[in-house]
Structure formats: C-alpha cells, structure tokens
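2 protein chains.
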Amino acid sequence: MRRGEVPPMDPERDALCVNAIRALAMDAVEQARSGHPGMPMGMADAAYVLWRYFMRHNPRNPLWPNRDRFVLSAGHGSMLLYALLHLSGYDMPMEEIRRFRQWGSATPGHPEYDPHRGVEVTTGPLGQGFGVGVGMALAARMLAERFNRPGFPVVDHFVYVIASDGDMMEGISHEAASLAGHWGLGNLIVLYDDNEVSIDGPTDLAFTEDVAARFRAYGWQVLEVDGHDRAAVAQALAEAQRAGDRPTLIVCHTHLAYGSPHKQDKAEAHGAPLGAEEVRRTKERLGWPTEPPFHVPEAVYAHMRALVDLGAGWEAEWRATFARYTEAHPDLAAEWERWWRGELPEGWEEAVPIFPPSADGMATRAASGKVLNALARVIPHLVGGSADLMESTQTYLHGFPPIRRGDFSGRNIHFGVREHAMGAILNGMSLYGPWRVYGGTFLVFSDYMRPAIRLAALMRRPVIYVFTHDSIAVGEDGPTHQPVEHLAALRAIPNLWVIRPADANETAEAWKAALRRTDGPVALILTRQKVPVLDRAGEGWGPAEGLHRGAYILAEAGRLPPALVLIATGSEVALAVEARRVLEAEGIPTRVVSMPCWEIFEAQPEDYRRSVLPPGIPRLAVEAGVPDGWFRYAEAVVGLERFGASAPYPEVYRRLGFTVERVVDAARRLLGRS
Amino acid sequence: MRRGEVPPMDPERDALCVNAIRALAMDAVEQARSGHPGMPMGMADAAYVLWRYFMRHNPRNPLWPNRDRFVLSAGHGSMLLYALLHLSGYDMPMEEIRRFRQWGSATPGHPEYDPHRGVEVTTGPLGQGFGVGVGMALAARMLAERFNRPGFPVVDHFVYVIASDGDMMEGISHEAASLAGHWGLGNLIVLYDDNEVSIDGPTDLAFTEDVAARFRAYGWQVLEVDGHDRAAVAQALAEAQRAGDRPTLIVCHTHLAYGSPHKQDKAEAHGAPLGAEEVRRTKERLGWPTEPPFHVPEAVYAHMRALVDLGAGWEAEWRATFARYTEAHPDLAAEWERWWRGELPEGWEEAVPIFPPSADGMATRAASGKVLNALARVIPHLVGGSADLMESTQTYLHGFPPIRRGDFSGRNIHFGVREHAMGAILNGMSLYGPWRVYGGTFLVFSDYMRPAIRLAALMRRPVIYVFTHDSIAVGEDGPTHQPVEHLAALRAIPNLWVIRPADANETAEAWKAALRRTDGPVALILTRQKVPVLDRAGEGWGPAEGLHRGAYILAEAGRLPPALVLIATGSEVALAVEARRVLEAEGIPTRVVSMPCWEIFEAQPEDYRRSVLPPGIPRLAVEAGVPDGWFRYAEAVVGLERFGASAPYPEVYRRLGFTVERVVDAARRLLGRS
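Chains as they are written, first to last, in this note's numbering: chain A, 2 to 675; chain B, 2 to 675.
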C-alpha cells in the first residue's frame, strides 16, 4: 500500500465543489420528477474529498488497470456518482445529467455498469455493492500476489465503497464484511453514510445495533467522523490507507438532504424530489444561484477537472513502471496482458478430458471436478471456491492452496456458508477484470444468492456457478435440500445460461461453453448421483459437442420420420434413452433430444431448431423438476409438481415417477395409444 | 418471565441419558448409511440439559399453547431432535428412529414441520431456524401483550434455538439477530454450537469473526460455556432466563462427534456415518454396550419420561390459571380461543370495500392498502409489516402503533431493509399459532427472501406476501428494481399461490382468498402504477369474484364461439381489453380471460377449466414478464425476454412492447391473418 497522508486541500473551492454536487443532484431529480436527492446531498462532502484528494483515477481512461475502484453501494444515490463523473471530466456530459432517468440516457435511476464512463458496477439492490467491493479488493490482492515484484507494485490501489444504512441492514453485508475481516483486506475502505434516516423514517424504528462494534467484531478498523467535516474525512481516509491488513469502515455521521431548510434529516427527502420551492430555498441557504438549474461555476470545473491531468500523470507514472517491469519480467508482463485481454491460453480446450463410455457411470459433479482441475492447470487465472461445500461440489483445485489472510497466492476461496456474499464477491472479482471465476453450492441454495446472480446477468459478466445435487435424487437429505423449482427459476433470469449436462462428456463440453462465454453468466447444473457415460460412438448417437447448440439429436428414431420426440436434460436423458428402447420395441419410432441449455438453443438459426424439433411431431419432455417452462417445447411433460421427500435416492426417484414405465405411458397417452 | 434458577440435577443419570442420545444418533445414521452424527453427539449435553431441566413442554400435548418452543436451526443434526423426542415420550416410537431417512418415516433427513410429534418447524437450510426463532419470540411477546393480565401470565414461555457455525455465517442470522436485539426479545435463548468445524474443515478457513462481540453489538446478552459441562450449561440457561429484555446467546464450546476416538473434531464426522468400527469404539469409550444398536437403558427412559408427568403438570397448572382467567376475563378468553382455532371473526368479508368503476383508476397496491386497513379493523390478529417500504407497499395499518422494544401492543412491524429475516420471522410468527401475518416489499426483492418463502410453501403455512412494483412499469428506478422474471420464479414454487389481480376489485377478492387460505402461503402481486377499475356491471363483464376460480371470463367475445382468447394478468388485463376492442372491430370475436392465479385455476374441475379456455380456440397470453410458464395455457405470448430500463413508466411500457398494436399484431399472426 501507499499514501496514508492528508494532501493539501482548498477549503473555499472545496465548499463550492461540494455545493455544485448538491445542486446538480437537486436539479436532476427535480427535472426527472423522480429520484433520491437526500443521499447525494448528505454524502457530497465525504465523496468529494475521496474523489478529489484520495482516489487515483484517470477520467480519460476509466479502464486503467491500477485505478482505485469506486463502488456506490447505495445506488439510489446515483446522482452523487453522475455528478462526480461529470465534474471530474469523465465521459458524462451535462446533457446526460439533464436526461437523468430518461430512456437511453447514461444516467439511469440506479447506476448501471458502464466501464467506459467510470461506472464500475450496477448497484441499487442494497448490500450488493458492499459485496462487490469485497470481491474487487480480494481480486486486487490476488492479482498483486501474482504480479507484483520488488520495485514493481503494478497492483497497489484501493477499493472504496460508499454504503448506506440499508446496505448495513442487509444480511449480505454482514457475510461479506465477515469475509473481508477474515481475509484482512486492508485495501478496502468503506465510507458508511450514517444519516439515521431510512425510507420509513428514523432508522431507530428498526436499526439500533452498534454498527461500529459489529465491524470491529469482524476484524475491521473502525473510524468515526462528522461526514460534513471535510478535513476530518481526509484524516480518516489517510488513516484508513495506513490500516495494513485490516479493512476500514469510516462511519460518516451525515445529514440527509444537507442544506435543505425543511427536508434535511427527513425521510421524505430520501426518495422524492424536494420540490421547486424547497430547491430554491436550499440553494439560497447554500449560497448558490437559484437560477439557472444545472449551473456549475467555472471554478468548480477548474478545480475538479484538475483530475484529468492528475489522472493522466498517475497513469503515465504507472505505465513507466510497467515498461520497466516488462523489461525486468517479460514473461510476467506478457501474462498480465493476456489476462487483461481476457484471453485463454492457446490450446486450453485440449486439456479437457474425454470420458470413456460407462454404464456404471459417473456423477456429473465428479466429471465437473475432473474437468475443472484439468482446466485450472492450463488456465492460471481461473479461480473460485464454494460455500463450505468444496468436496460435495467438487470445486477444489487440487495442488493449489486456499486463499488466506496474508497469503493470496492460492486459488481456492473458502466462502464459508455464505452463498449470497459468494455471489456478490464473484461479481466483484469478475468486474475487476482479469480473473475467470466460479463458485459452487447445492442447486437448492442458489435461492440464497439469487439477487447476486441476477446482477451478473444484468451486467453480462461471465461468472460461472457450479450448482450440484440438482434434483430429488439428492435422496436422504430430503425436500429442504432437493431442488424442484430451481431450474425453472434460474431459466427465467434473462441472459443467464443454465446448462444441465446429461453425462460426463456433456459436462466437459459445458465447461468449454462456460469458459468461451464472455457476455454473461453460466450456471452448470450437476448431479450428485452417478449417471451413465453414454456410449455415443458405439450406439451411433450424437456427440457431446451437440451441447454447443443447446439441444441436439442424441439418439435418432429407428426409422424416419420419428413418431415422437423425447426431450430430456441431465440425469433424465438416460431415462429417456431407456424409454426410447421400449417405445421402439412397440413400433414407435422415437427420437431422443438432449437439451442441456435452452438459452443456447434459442440462439440457433431457425433451420437448426426445426431440424431438432420438427414441427408437427409430438414431443414429450422429461425433467425431474417443475414442468413450468417446458410447454414451450413439448405438448406433454413428465415432471414434478410437488416438493421431494427424504429417502434413499433410487426410491425417491421411482416413487415420484421418474421411471421408464411412466415415461412410456406418457408417450403412449400423447400419441393416443394408451 | 419466570424461573431463572438451576434445578437439582442427577449427574449419573444425566450422563447416561446424554450417551443414549449419542448412541441413538450414531446407530440411526449408521443404519441409514447417511446423515450427520457429529452435531448430535457434540450438542447432546447442552440439549439434554435444556430439554430435561429447563424447557417446559408436554410430550403428550405438543400443541399446548404456552409450551416453550424449540427450534433446531442446525437441522442437519436432526437425530438430536428425534432422540430427544423419543426419549422424552413424544409420539416418536423407536421404529421411527430405526427408519431414519426412509420413505414416509417420521424421521426425515432434516426435521420437517410435524407439530403433533413436537417438530415445531422445518429446518436444514442454514439460518432459517434462527430467524424462525426470532419470529416465535416476537409472536409470543405480542400475544402476551394482548392477553396477559395481572395475575394471569397466560403467555410466559421461552423460545430456544440451537444454532451452528453455519447458521451464524448466513446473512439471515445477522439480520434476525439485529432485530431480536432491537426489539429486546428476552424470551429468546440461542445455544450456539461452537464446535469450530464445518463441512470443509476447521471453521477458521472462513470464519474468524468474534461472534460473541458481534452479538453484543446487536444488543444481546452473551454467555460462554464448555458445552460438555452440564452444570455450566444449566447455570447459563438460568442466567439467560433472567435476562429481562435482552435475548441471550449461549456460546457452547463443544466437540463435534464427542467421544469418537478417531473422528472427534474432524470434518468427516459432520455429514457421514462414523462407520461400524468407529461406532463400536466410540461406544466403548463412552462406556456403552456395543450391541445391540438402538439400545436404551430403562433408567434413561425412566429419567427422561419423567417429562411426561412433569409436562402434564405444567399444562394442568396453566389450564387452571386459564380457567380462572376465563372467569375473570371471559371476553379475552373467548377471543384467545377464536385466535387459536384460526377463526376469522364472523362477517369479516363484509368489511372489504367495493371500488366504483374508474377509468382513471387506482394502483392495485393502493387498493390493497385500503382493503388491508379495512380488514385489520375487523381482524385483530392480522399483523405484519414491511422491509422499510411501509408507504410504497401500502402495508401500514393506520391507527395502530409500531412494534417497539418494551411495547408490543402495536401491529406494524418495521423489519428494516431485511427481506430475508422478514420472511423467516413471518414463518416463525405463523408457526407460533394464532397470528395471521403478512410482509411487504418490492416484487424484485422477493429474491432476497426466497429461501424463506420456499419453507413457508414446504410447511404449508398461510403467510401472505405483499409484493408491489410488479413490472417494468416501475419506470425510472430501472432494471435493478423492475421485476421481469419474478412471477415465473415464484409460480415455480410448489404450494405457493401467486395472485396478480387486474384491478382494485380483484385486489379485494385476492385479499379474501389469501385470508381464507390456511394451507399455504399467498403472494399478492401488485402494481405501482394506476390501472383502471373495470366497469364490470356497465360492460356486462364477469365480476371480480371470478378470482376465486383462478381464471375467469372477464369480457366475452361479441359473438360466439370466440375466434381468440386473450389471457392476461394484472396491469395487462386492461391492455387485453383494449386489444379486444380493436380485434372485435376487425371482426375477430375475442374473449378476454383474467387469470390472476394459476394455482387456483389448476385446482378447478376440468369442466370449468375447459369452459374458460376451450380446447381448439387459439389463445394469446399477455403479461409484462418472461413468458416461461405461459405456453402451458397459450400458443403465443406477448411477454418480455430481457431486463427492463430506466425511464418514465409509460415510455418503458410502450418501448418494451406493451401496446395495443403489438397485442393486436400478435393476435393476427396467431390467427394467420397478418
């Protein structure tokens, strides 16, 4: 780490800049007739000190790898971020500020990931940004461990988060804070906007815990300041930078809607415009011209846009260091460049094992573990972990140490029983840049991390989820641990690929598909129990590479055209294959389609889709879960419209109707032959 | 509160009883070849002391209203609970212990709500039981406030929770603990099984926070004991009972798989059988007969089943008090009985307002607020709150105070920004008995509380969720706050009714349906924006009571049979009605079906379902969300397969395709007329 000193400040111009932020926030919300003015007005002082005097960033190159990261976890205060970006000289022109919350503007209601403009992450759902900040700080520490060399601190920046009361109440912030303390992420500094007001009124309606004591219990350094005392904020930031191996929480006591004569500290200033008259009075009180709106004095631009030159200088300095680094450590420098370009090493796919056919078979989670370990050996920036289920989810990278306080050289991340923080931390690590990340838990617990998965999908970040124990075949652990609705619920999330491979070789292809994808997250859905490794060549069946088209003909009907198409995923593919044998023996030419991923299939050309699922031929889908989405593809579904039950899995599977007989019966009924 | 003293104990027989619990846990897991022996063996001492000497419960009447509640939040240790139930004389015969984790047994892998046997709640997904315990304690405090009178403490019991490291890591436990401290729930006592081992190994891999300090920060009393020192546990329990208005955490330092020569304190003892040989050696070390399995000395039964008489005595004493209470306060006693029978007051439905037709309309959340307030005035045991969105979700009961530390007479619960804890607390309150409970947040944040919703559905508890801001029509707040996949994701949960009313009068009916339901949860899905109050009588359309059949003919085609059926829900019903006008004008006889609830519709007789959706007539569904489930009912869907966007809502709604033109076009295409 570096710095730790209070830079010289300019109180008069600082006051002007801070009021410019307040005025912009008021005006933009007023013009939009919608938004949250109170938070930007309250945190303007602290955020300004951070941006102008402490953050090292380059407004003209928001992608500079060693920039300090900034996360506005309290995303409802988006105007604070937009004002800072605008005033600092980012690509955030005044016309976009004027179009706050309008269709297609760069200034949506809550910040939306827009890295070229300096918006590092989508925030708004409370607590998520906090977890993302932890993920970015972890990613930075791990990257520093890989690439920094004596005299070459190519990664030495900080991660700053502004968080609100709401962030602090959400459980995910507790989970993530506990991990940040555990890992000793001294590069993480959180400014907590402690304004004692939430939407319903004073926070003491629901929130009287001692936040500072709680964070100390997590192992954090905690500082408290008057959030409107800019010198005190600066002192605290400097002290935070010196924290060493402890993350720092700076409790900023602030006034919501600071400066508003009638609405300061009032809940009504949280999420609604102040009103024209109150804006006028507030500006008067702040000594600000009441007209025109969106007024920014030149002195403010001059003072804030000094960051353009400062930022260029910081980056130039870093580039000079990096040039010397390239000479001293050419291999490392080349590796660095590859990672940041998002490239996988040439020939990486050759490392993926091919599994020989086996009737006894292999659980797809086991196949996944083998594939992942093979990939990890050739893809050094592939890292991940699980929520206390390393072995069950087969997500441990053997031969690599775990991440620990003081030693970030490892590649296995123990998230503990904290699925939600895992999701947000994976988002932060992915947003950070060079890492390819995955996280594992039981499919049923995807529910615990759904808000984070949704954000990965919304931001189109290529996070990989390893969800095992994927059906009632979990068996004895019973309905609390048996997913039945989760496939449907995950498929409902736009941009998320949900891939449920049928056997070990489809699992290998699924990992390839997941790693090739760069524009969104992928959920791998894997069995606990063994499933046959299909003898594709021996039977003349379709190869597992068909996975890359989302659905493919696995076993063609004995004579053409088929009278029936059976569609299945995962462990039910083997069941469909068995049912096909019976139906063929009854003289019903039956095609089996393996359909591991709807989203990929939907992206195929119509010709291909019609060749796999020809119109006019009856289709029956088979999946051990709720049938909800399947009627898009099939007239009938062998599914499950109830929760599971506790018993050995073959019995659960059979009793809940996943038998050859039931599939064959359903097929006969569909064809009018029962 | 009462008690607070250490009862006389019997060290020799106590040791025998504790080892009986350990032996049963080992044997049952061994026989099932599946399960978690380590936790029951580690917590046997503390749990035994609690059950035998502190809890007031009646094994022969597990429904006694004033019993102490017991929640095994660490549900994987289910054999601890089953052993305690069996040995204490509950309806848990040895044959059920022998059938641990078998189909249809009373001893599933994780405890499943089974009130007649003393299983108070389904647990297993970590952290949920902790939140349920908080909910039960709150429910008890509120009930005491309503019914206790000087000299008549008809509610004066405790709520006990056993929680594990995993529970403590999950964010929901932080949220719920913060609330318990905030409310000062001195009737809540949590025994924390601090065994320093989780599935992946020692907890210090991921969990080094100071749990005791954290709970003190939440306002709890924290005590620490050697969890194998039964006298110390008893002292701590007594002290906890004297805590007054603070909940207590008793940190029990224990050894996982206590007594096992090779597996004590090892992660491998967490979730797998010890193995026959290790079981034998453990029994030897504990001084237990190695054969036969499932051996229980008579002395153990004699000592533990003293609880049958003790319990009968406690209940008799309480009944005597209650008899005197009935004489002194006959109205209150009658009210008490009504509440516990689950009855709603006669004529309650007459309180529900009828809304006059209005083209300008009313948001369904606003209608819901009016209905809820009208209902609250006639249903005194209807209570609830929201996750810091009282006004937005219109869930505030006007004229009633909020719940506060020291004053539980109110009916409005401020959960803070803690959706997940809200969900679990609602479960606990519902499980407790007499309360009818609801909780509100934005639909998009249903994701934060999904694991708790799932448990309500699994337990079939009639919790009501008020989910507002139900589509892209949220507008300016943008995609982070606009649900698009949530209707599909909630409908996927078995047993959950998802009701999306079309207008104010359907909203009134939806509340009636929700309150009539006693065998499962109901999610009300409500608009932020105004929607017309349909002029049903004026237009000759179907009345809103049709909601109680799940779907109904709102507007019949101008001539019969219809050429097309438009199916819609919520705010899209008005759109379908508009489209119908255009289509009818084009000579296409069009029926509009309002389909607020799939689950209710599926439960109707086939005749009815076919009368509403006649086979052979093309159907087009219209809903502002992902189309995933709709292909069950319709050949084509006007839906949304992407995230939303930030802009004023009429623009978002229009740009994303919810226009009369698009619906009409889709209809024409479906009918081959485009």
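There's no promise every hint is true.
No copy labels: a pair is met if it fits in one copy or bridges any two.
Claimed, not checked - Here are the simulated DSSO-like pairs of lysine-lysine, each with C-alpha atoms no more than 30 Å apart in a straight line:
(1) Lys371 - Lys513
(2) Lys267 - Lys513
(3) Lys267 - Lys371
(4) Lys267 - Lys531
(5) Lys531 - Lys371
(6) Lys513 - Lys531
Hint data in this document are derived by calculation from the structure and do not stem from the laboratory.
Hint by hint, which ones does this structure get wrong, listed from lowest number up? 2
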